[in-house]
Amino acid sequence: LRNFNMSCNEIYGVLPEMSITFQDYPIVDLSSNSFTGAIPSFLRNASSLDLNDNKFSDLSPFFCPQTKMVLSQLDLSNNLFSGEVPDCWMYFDRLSVLHLENNKFQGRIPSSLGRLKNLQVLHLGNNSLSGELPASLENCTSMIILDLAYNNLTGYINPKIGYRFTSLGFLKLRKNKFHGGIPWSLCQLSHLQILDFSANHFSGAIPKCISNFTAMIDTKDYLQSIEFKIDTDGSVQYEDVAWLMWKRKERSFMSSLGLVKSIDLSDNDLQGQIPEGVASLHSLVSLDLSGNNLSGSIKPSIGQLTSLEYLDLSNNHLSGEIPTSLASLNSLEILNLSNNNLSGRIPTGPQLQTFDASAYKGNQLCGAPLPKCLKDQSLHIPKNGDEVHQQQKANDRHVFFLGLCISVVLGFITGFWVVVGTLVLKSSWRLALFQFIEDKTERLSVMITSNIARAYRKP
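Each residue of the sequence shown is one higher than the one before, starting from 17 at the first, in the numbering used here.
Calculated from the structure, these hints are not laboratory results.
Errors might be hidden in some of the hints.
[Said to hold, decoys possible] So the derived label-pair ranges between C-beta atoms look like this: (1) L96 with S347: 26 to 34 angstroms; (2) T364 with G123: 37 to 45 angstroms; (3) P339 with N19: 53 to 61 angstroms; (4) T170 with A384: 41 to 49 angstroms; (5) S98 with T364: 53 to 61 angstroms; (6) E349 with F20: 39 to 47 angstroms; (7) G53 with G312: 52 to 60 angstroms; (8) R264 with K193: 47 to 55 angstroms; (9) G123 with K224: 35 to 43 angstroms; (10) E337 with T370: 18 to 26 angstroms; (11) S206 with Q380: 35 to 43 angstroms; (12) A54 with S335: 24 to 32 angstroms; (13) T370 with S76: 39 to 47 angstroms; (14) Q367 with G196: 36 to 44 angstroms.
Where a beta carbon is used, it is the ideal one built from N, C-alpha and C, also for glycine.
Let the hints inform the model, and build the full structure from the sequences given.
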């Protein structure tokens with residue numbers, strides 16, 4: 017017996033203990049049924065055991081075996097296990113993949129997990145685990161996927177994780193109670209493709225060395241190694257499943273996981289500016305920095321993230337204008353810049369006007385899809401200093417002629433009223449003026465008459 021597969025049926029009830037001795041360490045798959053009760057001990061000799069999606073509630077007598085196990089893959093996820101996680105993992109030293117997520121485990125993560133030096137995939141998410149991460153976990157230097165999301169874990173992130181987990185490609189600590197700064201040593205994780213620290217209490221600045229995430233720069237898939245050969249001749253492979261918050265929804269990824277390059281640091285207490293180095297992560301498809309205390313402007317270099325499909329910078333203290341380079345991100349499907357201190361006109365482009373107005377609310381922005389700006393802002397930028405000088409001279413001439421016209425008009429009005437006002441108020445001047453005019457008129461009339469008479473007398 018090499019493969020024992022009863023998955024995806026409607027089998028229910030307790031799986032009975034059987035006096036079966038597996039000679040060839042088979043692959044056993046009983047997933048997606050309704051088995052209840054305890055895991056029988058005869059399953060210890062399997063090389064791969066998948067009990068996912070059942071109703072098992074008792075880990076004994078499967079744990080603790082007191083003898084070395086040959087298991088390379090163990091999936092106990094989506095069951096009804098409770099209490100503390102067994103602390104006897106030294107007997108599972110061949111284990112490469114361990115799934116314990118979506119149960120009701122409590123207490124601390126057992127230190128004996130650090131004995132699993134071949135462990136590449138560890139899923140402990142969606143339980144009620146508490147306390148700090150055991151220091152022994154740094155011994156799992158083969159780790160590729162580490163998912164501890166949705167627990168009550170506390171403490172700081174051990175800086176050694178950046179130096180010991182050199183193959184780590186997936187790190188998910190979402191929805192815990194971790195605090196302190198994000199260690200700069202994480203920048204040593206050149207294979208890291210997915211980083212999710214959201215909904216914790218991390219503080220301080222985002223490390224500037226974030227540009228060292230090589231896997232987020234190039235298009236290479238560093239998570240191809242999540243596929244494992246789990247039998248001797250390689251005829252059967254195990255492909256890991258990982259859950260990821262993708263475009264505001266929790267989604268499962270298998271073979272497509274390697275195509276995702278994502279950073280989620282949302283809902284923490286991070287401060288300072290968005291590091292310039294983020295713009296160098298050209299293969300990044302999702303960036304969520306919302307719900308922090310980030311300040312400063314959105315750098316124009318963000319336009320270099322040409323693969324970006326999701327960008328959420330909402331609920332921060334970002335200021336200044338939206339860079340025009342953001343309008344060139346043709347792959348962008350979801351954008352949220354709401355509740356910041358951004359101002360000015362929303363840049364025109366093929367994408368930014370297609371988003372709902374709620375993506376820009378809580379700012380001092382204008383332009384489609386928001387109401388029009390009160391005044392059109394000039395987009396003309398002088399090419400050189402000569403153009404600026406010529407414009408200044410034209411403005412000076414305009415001011416000069418305007419002043420001259422005003423002076424002439426004011427002078428005429430003033431002179432007119434000086435003369436007319438004097439004649440109205442001084443009767444002696446008025447009589448003298450009229451007599452002068454009458455005298456001159458009479459003299460002119462006599463001169464004209466005499467000249468006409470002479471003209472007629474000439475032969």
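Hints, verified against the model:
1. A hinted range of 26 to 34 angstroms is violated for the C-beta pair L96 and S347, which are about 42 angstroms apart.
2. Judged by the Cβ atoms, the range 37 to 45 angstroms given for T364 and G123 is violated: they are separated by roughly 56 angstroms.
3. One distance hint, 53 to 61 angstroms for the beta-carbon pair P339 and N19, holds here, with the actual separation near 57 angstroms.
4. Here the CB-CB span from T170 to A384 is close to 46 angstroms, well matched to the stated 41 to 49 angstroms.
5. Taking the beta carbon of each, S98 and T364 are about 57 angstroms apart, inside 53 to 61 angstroms as hinted.
6. At roughly 44 angstroms, the beta carbons of E349 and F20 sit within the given window of 39 to 47 angstroms.
7. The supplied range of 52 to 60 angstroms is met by G53 and G312, whose beta-carbon atoms lie about 58 angstroms from each other.
8. Remark: the range hint 47 to 55 angstroms for R264 to K193 is contradicted by a beta-carbon distance near 23 angstroms.
9. Between G123 and K224, the C-beta spacing of about 37 angstroms keeps the proposed range 35 to 43 angstroms intact.
10. At about 19 angstroms, the CB distance of E337 to T370 agrees with the hint of 18 to 26 angstroms.
11. Remark: the range hint 35 to 43 angstroms for S206 to Q380 is upheld by a beta-carbon distance near 41 angstroms.
12. The beta-carbon spacing between A54 and S335, approximately 60 angstroms, falls outside the hinted interval of 24 to 32 angstroms.
13. Here the CB-CB span from T370 to S76 is close to 58 angstroms, at odds with the stated 39 to 47 angstroms.
14. Between Q367 and G196, the C-beta spacing of about 37 angstroms keeps the proposed range 36 to 44 angstroms intact.
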